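Those sequence lines, one after another, are chains A, B and C. Residue 400 in our numbering sits at position 28 of the first sequence, with consecutive numbering throughout. Residue 31 in our numbering sits at position 5 of the second sequence, with consecutive numbering throughout. Residue 320 in our numbering sits at position 228 of the third sequence, with consecutive numbering throughout.
Treat the hints as calculated values from the structure; they're not laboratory data. Take these hints with a grain of salt, some might be off.
A few chain A residues that don't get close to chain C, going by computed Cβ distances all over 12 angstroms [to be verified]:
| no. | residue |
| --- | --- |
| 1 | Val390 |
| 2 | Phe414 |
| 3 | Phe496 |
| 4 | Arg531 |
| 5 | Leu542 |
Cross-link-like lysine to any residue pairs, in silico, SDA-like; alpha carbons within 25 angstroms at most [said to hold, decoys possible]:
| no. | chain 1 | residue 1 | chain 2 | residue 2 |
| --- | --- | --- | --- | --- |
| 6 | C | Lys202 | B | Ala40 |
| 7 | B | Lys62 | C | Asp237 |
| 8 | B | Lys62 | C | Gly233 |
| 9 | C | Lys202 | B | Tyr42 |
| 10 | C | Lys202 | B | Ala35 |
| 11 | B | Lys62 | C | Gly320 |
| 12 | A | Lys386 | A | Gly374 |
| 13 | A | Lys375 | A | Pro593 |
| 14 | B | Lys62 | C | His236 |
| 15 | A | Lys375 | A | Lys386 |
| 16 | A | Lys386 | A | Val464 |
| 17 | B | Lys62 | C | Met287 |
| 18 | B | Lys62 | C | Ile111 |
| 19 | B | Lys62 | C | Gln319 |
| 20 | C | Lys202 | B | Ala46 |
| 21 | C | Lys202 | C | Met287 |
| 22 | A | Lys386 | A | Val591 |
| 23 | B | Lys62 | C | Lys202 |
Just so you know, these numbers come straight off a predicted model, no measurement behind them. Heads up, the beta-carbon is just placed ideally off N, CA and C, and yes, glycines get one too.
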Amino acid sequence: MGKTLRIALAVAGKDLRVELRSRTAFVSAVTLAALILLIFNFARDTAVVSREALVPSVLWVTLAFVGVTVLNRSFTMERENGALDGLLLAPVSRSAVFLGKYLANLAFVVVVELVTVLLVVLFFGADLRGTLGALLATVFLASAGFVAVGTVFAAMTARTRFAELMLPLLLLPFLVPPVIAGVQVTTRLLAGRPVSEIAGWLQILGLYDVVFFTLCLLVFPSLMDE
Amino acid sequence: MAIDPNANAGFMIAAYVVTAVILLGYGASLWFRSRKPPSRG
Amino acid sequence: MSTLAASAAQRTIRRGLVITGLGLAAMAGVYVLALCFTPIERFQGLPQKIFYVHVPAAWSALLAFSLVGIASALYLWLRDPRLDWFAESCAEAGLVFSLVMLTTGPLWGKPIWGTYWTWDARLTFTLLLFFLFLGYRALRGAMHDPGDRARYSAVVGIMGLVLVPFVHLTVYLFNTLHPKPIVLKPDSPSLPWEMLRTLLVSLAGFTVLLFGYVTTHYGLARRAQEQGEEGGHGD
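Excised from the complex, chain A in its bound form (with noise of 0.2 angstroms):
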């Protein structure tokens, strides 16, 4: 068990290191999110939506492209320098290579996802009040299952044609239910509900979020066979 950890850590490290150095898949995350909400500004009858009202919306469809993004690039690299076999080649457990890789994605997507709400928060004027610590929870609690499902897809959709197309195909039906609680949570969160109201959404999320991490853990080996 402590040495799974200590691999997935590893695996994790290394991915996270990668991305430190050159930081341009971090800079570029943070600029699709900018992008997708300038245009969904753009996108409203302005004499007719106000941009508060979109808060809930806006932030969530922006949240789930990005993710899926995001995760996209999560295996690239392993792909572009084949270096997959290798890390498969290794001595060490799947379950752990999954770990890693889930613990790097998470990681990369959970701050891209801070910068988001932020960007949200400053372009769509959302008052949070005293809100952006439980928003936050929320969006961290939805991105925990979504992360090991993108894991899974984005391991085999690394090694097809047509990548880019085939992960959100495969990924954005997984979404609907965060993106559903999400919003509602949201919602809520913004018009100042009390919290009975969103527990029951919560409980959503955590029980997909465990029930689609087990479910990945363990059906990740059986991808890596040869």
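Since the structure of chain A is already known, use the hints to place chains B and C on it.
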């Protein structure tokens, strides 16, 4: 308020026709595939 | 030796086609039953009869999808290629039935609800199922090694099946929060006997058809694999 029973017959006919086309169409495609000499690749 | 194996696949194909033929004949019977021997519903009129094809198609699509999920799980455990052929066959049949649902649904909705599409729980759910089937198929199309293809699509199959309850729950909750201005409720709480009978017969017909489709496709997959081996060239 009972509707005229024959109103909107067009929708019903369209639905039944489309269903038949889809189900027969797929059945036919299976049949054609069974006839074709194998040329997978 | 290989001719014997080839004819086993051929026999499956032929059996499948016969069952499909029976299913289609049953559907013709259902059409007659629904259109001529079932009373017209008082509040919805003729469009209500779409119910007799829409609902059984939904049932078949969901059944097919569940079978894909179960076969996928079994495949990952047992690695028997026949389970992969079975999953692929069910996925294709499921795609066909969800297409029926997605076309008959709007045609039913327009006269009853005044709009072709509503994001009600059932239609939304079917649409998602349709996309999952498409994704499964697209992934298979993009992979050429049969072993990889089987394993990868099995993963998608299982994940899709586990996703279904979550989508069902969240979409249902989403919809109960935003009640639609429904003028008429399409499913009556209790069906008179003639309607129930027609529905059940249609259900049986669709199930036979599903069985026929899956058997035929399974035979085709088996034949293709055997011929691939015979020819000596890999996929």
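Hint-by-hint comparison with the structure:
no. : hint                : in the structure
1   : Val390              : 26 angstroms, holds
2   : Phe414              : 25 angstroms, holds
3   : Phe496              : 22 angstroms, holds
4   : Arg531              : 7 angstroms, violated
5   : Leu542              : 5 angstroms, violated
6   : C:Lys202 / B:Ala40  : 12 angstroms, holds
7   : B:Lys62 / C:Asp237  : 23 angstroms, holds
8   : B:Lys62 / C:Gly233  : 20 angstroms, holds
9   : C:Lys202 / B:Tyr42  : 15 angstroms, holds
10  : C:Lys202 / B:Ala35  : 12 angstroms, holds
11  : B:Lys62 / C:Gly320  : 15 angstroms, holds
12  : A:Lys386 / A:Gly374 : 18 angstroms, holds
13  : A:Lys375 / A:Pro593 : 17 angstroms, holds
14  : B:Lys62 / C:His236  : 21 angstroms, holds
15  : A:Lys375 / A:Lys386 : 17 angstroms, holds
16  : A:Lys386 / A:Val464 : 15 angstroms, holds
17  : B:Lys62 / C:Met287  : 42 angstroms, violated
18  : B:Lys62 / C:Ile111  : 20 angstroms, holds
19  : B:Lys62 / C:Gln319  : 13 angstroms, holds
20  : C:Lys202 / B:Ala46  : 20 angstroms, holds
21  : C:Lys202 / C:Met287 : 22 angstroms, holds
22  : A:Lys386 / A:Val591 : 23 angstroms, holds
23  : B:Lys62 / C:Lys202  : 41 angstroms, violated
In summary, the structure is inconsistent with hints 4, 5, 17, 23 from the numbered list given earlier, while agreeing with the others.
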